[in-house]
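Protein chains in written order, with this note's numbering: chain A, 1 to 261; chain B, 1001 to 1387.
The reader is advised that the hints may include incorrect statements.
In silico lysine-lysine, DSSO-like type, Cα no more than 27 Å apart, as pairs [stated by the list, open to error]:
no., chain 1, residue 1, chain 2, residue 2
1, B, LYS1268, A, LYS115
2, A, LYS99, B, LYS1153
3, A, LYS99, A, LYS210
4, A, LYS254, B, LYS1268
No lab work stands behind these hints: they were computed from the structure.
The primary structure of each chain is shown beneath.
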Amino acid sequence: MGVSRREFLKLAGLTAALGLGTGTAFELLAPGQVEAGEYLRSENALRGKRWAMAFDVKKCLANGEDCRICIDACINEHNIPQYDNPLHEIKWIWKDLYKYAFEDTENPYVSDDYKDKPFILLCNHCDEPPCVRVCPTQATFRRPDGIVMQDMHRCIGCRFCMAACPYGSRNFNWLDPRPHIVHYNPKYPTRRRGVVEKCIFCNERIDVGKKPVCVDACPVGAIIFGDLHDPNSELRQVLRKRFSIRRKLELGTKPSMFYLI
Amino acid sequence: MLEKILQGDRRYWMWVAFLLAVIGVGFACYVYQCFTGLGITGMNRDVSWGLYIAQFTLLVGIAASGLMVVIPKLLHHYKKFIDLVMFGEFMAISAVIMCLLFVIVDVGQPMRLFNMVLHPTPHSMLFYDMIVLNGYLLINIIVGYNTMLADWKGVPPPRWIIPVAYLGVPWAVAIHTVTAFLYCGLPGRHLWLSALMAPRFLAGAFCSGPALLLLILFIVERVTGYRPADEDAYQTLAKIILYAAVINMFFTFCEFFTAFYSNIPAEKHGLLYMFFGLEGYHRLVPFMRTSILAGFLGIFILLVPPFRRNRVLLGIACFAIFLWMWLEKGFGLVIGGFVPDPFGKITQYSPTLPECGIAIGIWAIGALILTFLFKMAIYAKRDGQRM
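Model the full structure from these sequences, guided by the hints.
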């Protein structure tokens, strides 16, 4: 049983049409390439030279050690999957005890105010980020305003950045994260398995003139957000008044998360 | 030449079928991993590299070690190594291919691997690793295959491959140096943060690689009756293994001294976890102690000339030295670097069954490639038109 000449021509014509059609569709959907950051930013975008945060630990602890309002706000905003298995956990912002957060300043006689008390942890958005240095595809990169960004579409999942980050701030999607999202937010993209993700300092909010979601969510105003380069910013004012510490300064990463003691 | 891999006796085909079966099982595990995610491995948030990357590191060393048969021949004109060189190069080819496979199975999005070429990033050490590994593979294929063809035709190898062979010498050093730089430039990973990493990797490679080569050649001799070099050459290679092993052991001692005499906790933690246990966690201890004992055993046998000349004892020494490095570089050193994690907490890692299946499958692919290459090489050497 062969194919008649007529049938062959029909098939060939159909194939060619489909081929052309697909090409056109591609051109329509992706006309040329757009580099990350080339999109016009909103007129309302917050403008800063070096975004940073300070955590008022006293205020935070006074509101209750079990408070996780900022954490839940972040989880719901960014579709962060929730796993029962701590080995597969994805954490953008979370809490851990002082002795773990500042494990290098181990001190058994630390004041009772802080001993075994939880501190807020997240990506430190370093000035000299080791994760950016080691990434082989520039999937993680530093924006001019100091945000260490993560392109989940370029990431090949080599996890070099996880080995390089001295703050344990980077997460890998060991499994498909989508079934593990509890409250789905259609305004923020979900991720797929096999890529790394972390706190991106709510760049999607900063670029439309809003503060990061954890800052807005905190009911006691314990998270102060601002531009380190602006001497009049609220952040700089509070840093002038209060004593602050940062994590693992000796490594030279220049973290931009300050803890007010 | 390639058709020679299709000619063999029953034993040959049974061996090939066995390897294909193992590869099949490994591939099935890999398909499972592809569809489920790397969550099927024992790797996790804290120990984010495991068996795959550790085996990759070991195999870069095995690949680089071809140098130990190339240098005596190429730079010192040691005639007795002439026929060994091709086997060293072929072992390097199969080792580099296994390296690349271990990287491919380790990444979360293998179909995006070419992003490394699309977005070349000179400040990432992985970028250089990609260049040196693929370049080394190419060099060894060019030199090895042309030497074999020349053997087959009974003519001297073409002159143009000589500069390529010379290029292979620094290149081999480069592949393992860059691999060490993947680890030793990371802030906060104190076990790896040592300038000794690259020299130690090279010393470890230059003892474990030739040890594996000798073991394979012993097996080849048993199976085919062919030996590419005489006893003198083997003894020379055994001495090379000995020197490298002693230097490697010395480097390990230096790491211990620096960590424990300085008494800096961060320096000590990784070594403590690997060899003595840390805060009640000691999953690596039996492996690392076996590893170091095997190293001492291998060195002891090779140090005593009558033992070294005994074929059985030499085989045991080679096996012990390979085991030493397999356990240290191919497992413990990478895992130990993640303990304790950046919070001072300890997460223990064990590879899972599918993870081991994939790793064994890759070793079977390497063995199959090596079998094919050695089959052609032996045929060319034995039945080629000798001058």
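- Query: Taking only the CA atoms, is the gap from A/LYS99 to B/LYS1153 under or equal to 27 Å?
  - Reply: Outside the cut-off at roughly 71 Å; violated.
- Holds or violated: are the alpha carbons of A/LYS99 and A/LYS210 at most 27 Å from each other? Roughly 33 Å separates the two Cα atoms, so the pair is violated.
- Query: Given the proposed pairing of A/LYS254 with B/LYS1268, does the C-alpha separation stay at or below 27 Å?
  - Reply: 25 Å, holds
- Given the proposed pairing of B/LYS1268 with A/LYS115, does the C-alpha separation stay at or below 27 Å? 25 Å, holds
Hints 2 and 3 from the list above are not met by this structure, while the remaining hints are.
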